[in-house]
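Engineer: Construct all of the structure, not just a fragment, from the sequences and the given hints.
Listed in order, the protein sequences are those of chains A and B.
So the mapping is simple: the numbering used here equals the position in the first sequence, first residue as 1, plus 10.
So the mapping is simple: the numbering used here equals the position in the second sequence, first residue as 1, plus 1119.
Hints are computed from structural coordinates only; laboratory data are not their basis.
It is possible that some hints are incorrect.
In silico negatives: residues of chain A with every beta carbon more than 10 Å from chain B [claimed, not checked]:
1) 41
2) 180
3) 205
4) 206
5) 227
6) 288
7) 344
8) 370
9) 430
10) 618
11) 619
12) 648
13) 649
14) 780
15) 781
16) 783
When the alpha-carbon atoms are kept at most 16 Å apart in a straight line, the in silico EDC-like pairs for lysine to aspartate or glutamate are as follows [as the list claims (entries may be wrong)]:
17) B:1347 to B:1214
18) A:308 to B:1247
19) A:779 to A:659
20) A:457 to A:302
21) A:657 to A:730
22) B:1410 to A:944
23) B:1410 to A:945
24) A:305 to B:1123
25) A:305 to B:1247
26) A:588 to A:605
27) A:106 to A:218
28) A:27 to B:1124
29) A:608 to A:579
30) B:1417 to A:944
31) B:1347 to A:149
32) A:379 to A:328
33) B:1417 to A:821
34) B:1365 to B:1289
35) A:271 to A:287
36) A:315 to B:1251
37) A:266 to A:249
38) A:491 to A:571
39) A:288 to A:317
40) A:228 to A:302
We treat Cβ as the ideally placed atom computed from N, Cα and C, and that holds for glycine.
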Amino acid sequence: MLQQWEQKMKAKTSRMKILDLTINNVQHKVLVHPHDTLNKALRETIGLTGTKTGCEQGSCGACSVLVDGKAVQSCIYPALKCQGKRITTIEGVAQKGRLHVLQEKFVNKGAIQCGYCTPGMVMTALSFLDKNPSPSLLEIKEALSGNLCRCTGYKKIIEAVAEYVQESGTRISGLVKGVNKENSASANHLMVGQGRPYLEASKKVKGEAEYADDIRVKNALTCQFLRSVYPHARIISIDTTAAEKLHGVRAVITGKELPIKFGVLPISQDETAIAIEKTRYVGEIVAAVAADNEKIAKAACQLIKIEYEVLHPFLEMEESLEDVGDHEQIHSHSKFNNNIHKKAELRFGNQREGLSNADLTSRVEFDFKGINHAFTEPHAATAWWDEDGLTIITATQVPHYLHRYLAKVLEVPMNRVRVIKPYLGGGFGGKSDPFPHEMIVAHLSRKLGRPVRVRLNREEVFLTNHGRHPTKMTMEMGVSKDGMLEVLDADIVIDGGAYGSFGVVTSYYNGVLLQAPYKIDNFGFRARRVYTNKPQSGAMRGHGAVNPRYAVETIIDRLAEQINMDPCELRFKNFLDKNTKTVGEFRITSNGSVECLKAVMNQSGWVENFGKLPEGHGFGVACGFFISGSALPIHWNEYPQSVVHLKVDMDGRVLITSGASDIGQGSDTMLAIVVAEVLGLSMDNIAVVSADTLLTPIDLGSYSSRVTFMAGNAAKMAAENLRDVVLKAVALNHEVTDSALSISHERIQSEDGSVDISWHDAIEIATRKVGALNVTGYYNSPKLGGDFKGAGAGLSPSYSFGAVIAEVKVDTSSGQVIVENIWGAHDVGKAINPLAVEGQLEGSWHMGLGQALSEQMLYRNGLLVNSNMLDYKIPTTLDTSNIHSNIIETIDPEGPFGAKECGEGALHPVIPAVANAIYDAIGVRVTSLPINPEEILKAIKSNKTETVA
Amino acid sequence: MIAEEIYLQPSTVEEALEMAMLQKGDFTFIAGGTDVMANRYQGNENAPCLIDLTGISVLKGVSISNDYLHIGALEKLDDLQHFHDILDEFPALIEAAQSVGSPLIRNAATLGGNILCENRCLFYNQSEWWRESIGYCLKCDGDICIATQGKKACFSELVSDTAPALISMDAELELAETTGHRRVILEDIYTGDGVYPRNLDKLTIVKAILLPLNREFKTVFKKLRQRKSLEFTSLTSAVTVDNTGKLKIALSGVDPKAVVVAGTVDDDKEALIKKAIKGARAIDNDMYSRKYRRDMIKVFLHQSFEELSI
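Structural biologist: What follows is the structure in structure tokens.
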């Protein structure tokens, strides 16, 4: 066997071919293996990493390049096919550093968020426009329908292409453009409230931004994993002998080398980097290999022999609720002899009384499939050790937590660990845990004294999961005849998969995040998270509250119908006020619920359409709310949750350093705007360094929609501190009082005009004696909430609110649902960068459409069946409705310039709005997600009003 | 001894067949590569030798001879729309071609490749590790069909979208084999066995797709898929009538082969539909259920008859 492998490897490496390629008008002679793909040749051999790798199976478009002017997917294009052909990659689009006009449009329209799909999107658009320079809107959408984007909802990408086309003289009709903004009070601001592209947008559109797998560290080894083929099995023995002997293999490791448990929550330290005694899901890592290249590492994995003793697998959440009897539990630490991980229960008021007082009640069972973040960039990391200890460059939303757990697992102090987040191709919660692959490459690189890199393939990304929990729940609500909500009771079970992740938080969020936006005094829930032998669930955009929000909003729709009241009116009657408290003592400050709902009602023509459209055509509405960061940190301590440093010296440029992770949502740009606003500077005098645990001060990371509120406030405080220092120095120098000075347009002036100096002169004065100025700002949430057990869950210094109206058409012959329009409004407090805010909202609505209509994680015997971008169905451009965006500004009293979250909360109402619209269209209630045309058809045929998949 | 990787680029059909013969069966012809390369990535196609046919100019171009339109097998799906003869006489073929995959796929994939596209199954088009985990199926040297959890036959689906359109218009193929050239009826190449879905000898090159002229075809083409792009079919139907009242239904996505029902416009439509549904041995190996896809056959055919006013 081993000899065979040796021969195979030798043969495979012996006959390489020389390939003549003309890439971006440069001649290359490239040595390739005969079956290498063009993608590999471009990225690995030539080093043109602007071309991305997303799925490796021609299903996402991230790798698109032009071959003789036509866009093709380089991941399924043989390199040798390109002999003598003309290749254009994203690096060849801008000329002499000047962006192509189409690239400029991408930048200026805000079509770039994480930027990972951008190169492929640009190449596809260029190829198409070359063929069809004056397309219609539909033709543009069709042309881009093979390129998946997970951030933007495509709206701004389509706008960018359309505007490019229009400037060449072709009129494009039907384009839903721009955004409505209400209550904007930006008159006093120079920077805040002005939409602007991300700082790094040009770099991303040119393919120059480096993502984790684009960064090549000298002399690095490649790591591959062997994964369990059983959902629940005891590992009897592992024989790595043959693998170790393979030429080019540097190390083969098993779980016993990394025995220390970790998990993002201190209360859920239940995972090891590699399975030790047993495996708990199909796909769990059981051994890892570091080798000279990927091929050898993969071959070595296949030579590892593992003997398993198969254990009874727990694959359904119902079974995991029960006593396991003689079977072995998934985790021995479960409290009783079952697989329940966490039970969260809170009750307020008197639900029994509420139910009996209600004139009408509705009790419904729901079933939601799990879904995955499906970010376009697969996980990747490179680790090495030097005089500073460990450095790891990795695609993470949470450098700080990874920093902590690398130190823990590798048993080194935190001062020997450095985590660097490069540009990141989307997260949505899927990169917000410390991951086994990060621990493993860190360990292997220490063991071998060489850098070790890893990139997961798409199947591994799906197996790593941490996506939205599959959920089953029963919810009951009651209403009085005059439309007042009397009671809400929910019993919720969520499927956590094999490990804890954020699950304890998810369990609480499933319940506590139902106590707004409506006032419900008799409110309670029980949520149980169970372990099952499946890839673990975790946090995903809208964390914990998306599925129960669906239940609430669709039940409200039922109750409204039962009391014969417009569902919008019922909502207006029950909205919580501004500056109030919820029944569970959440402090509500700003609250734009009413404004949001009014905006979408007016824009959509709700009154004229709801209930009045012909069979098969309907309108539906729903609302939602979300936290702006968790008030309580994951690790209980007195540390601020965000810290921002500013440094300025003789060149006058202010360097912002922050641990906040820009994952494509634009937080670096947000920090720059906040600091520039306070200091009256232009962007030329600002630079941002973020998410490097050695260089940047602590920030807890990008999750729970906390960054704008918390890091934004820290940046504002830091900038105000710097302003005070500079003004004091200038005042002293000019012998005026500092309160008489103001700072704006890069000048420091006094009211009486006696002082009028440039920023640079002011800095020269302020740094004369000290050389440089360093200031700090920080943010810590105020003390909030009640003093009962569980009171901390869902507390936030501020909450966002939103509403969506959806218009659907249902084909009654096939049950297929088409969402024609989404009118969405979200109360973001204040849009610091409206262009970025629109992008966040549109992306949220798009992601919600995916969960509503097509996305699910499908299992067979615990094995994930659709772990690729073909069968996991993210909506394409053609599947995405028109999106009409409304930014509602309520100026939050504590947010930076009044801002609060905008990255997650908008998702909640879109799914129930679609379901309610389906009811309006065909009278069928959908109680399971994704909405299944087959079930719709069945319900239509049998005149049923319920449908459960 | 395991053979080394080879990539060959012949410039004539004869050269290609010669190269193929020298590989003793251990090769795969490749054109656009969109199907072969994705299958190779998953380890479902492992031939050490790839013979790239795209340099053979005789396999390109569209011409007319003997009342047939000859479409070179290497014509790319996206390029078909630029040929007036196709656009005028066989617009359904363009519609079918434009429904394949995504624009990026259609920029590389060829018409010949699409009709020879490997059969698919949710439980087969998976990685090597995945197939090992679930237990190898019939199509990858296992003992039983995983999708049906035990049957001894393979039901991987024909997923070509152009094949049903072509078959409904009585398309034929011009083949080059080591023994010479021959013509076959397109639907006859599909065996109905998911493991060996085509009866063509390995040493066969599809030279051209032939469509009969002067039949004044009217075709309704439909494709069931979850998204409007980037999808293999869950059910493709093409219903064609010609100027003599001949009617032909062809389906893909619901059986290892194309389901074909021929008749006339005067036939009892319900009987035709019944026959089509009966012929479709669909199983639960798609993101849509077997039942739904079979139900949709009826819906598609009804709609097609209606649109054809027959």
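Engineer: All the hints need checking, so say for each whether the structure fits it.
Structural biologist: Now for the hints, and whether the structure bears them out:
no., hint, result
1, 41, "holds, 13 Å"
2, 180, "holds, 19 Å"
3, 205, "holds, 30 Å"
4, 206, "holds, 32 Å"
5, 227, "holds, 26 Å"
6, 288, "holds, 16 Å"
7, 344, "holds, 26 Å"
8, 370, "holds, 35 Å"
9, 430, "holds, 30 Å"
10, 618, "holds, 29 Å"
11, 619, "holds, 25 Å"
12, 648, "holds, 47 Å"
13, 649, "holds, 43 Å"
14, 780, "holds, 57 Å"
15, 781, "holds, 55 Å"
16, 783, "holds, 52 Å"
17, B:1347 to B:1214, "holds, 13 Å"
18, A:308 to B:1247, "holds, 12 Å"
19, A:779 to A:659, "holds, 11 Å"
20, A:457 to A:302, "holds, 15 Å"
21, A:657 to A:730, "holds, 13 Å"
22, B:1410 to A:944, "holds, 9 Å"
23, B:1410 to A:945, "holds, 11 Å"
24, A:305 to B:1123, "holds, 14 Å"
25, A:305 to B:1247, "holds, 14 Å"
26, A:588 to A:605, "holds, 12 Å"
27, A:106 to A:218, "holds, 14 Å"
28, A:27 to B:1124, "holds, 10 Å"
29, A:608 to A:579, "holds, 10 Å"
30, B:1417 to A:944, "holds, 14 Å"
31, B:1347 to A:149, "holds, 13 Å"
32, A:379 to A:328, "holds, 14 Å"
33, B:1417 to A:821, "holds, 15 Å"
34, B:1365 to B:1289, "holds, 11 Å"
35, A:271 to A:287, "holds, 13 Å"
36, A:315 to B:1251, "holds, 14 Å"
37, A:266 to A:249, "holds, 13 Å"
38, A:491 to A:571, "holds, 11 Å"
39, A:288 to A:317, "holds, 11 Å"
40, A:228 to A:302, "holds, 12 Å"
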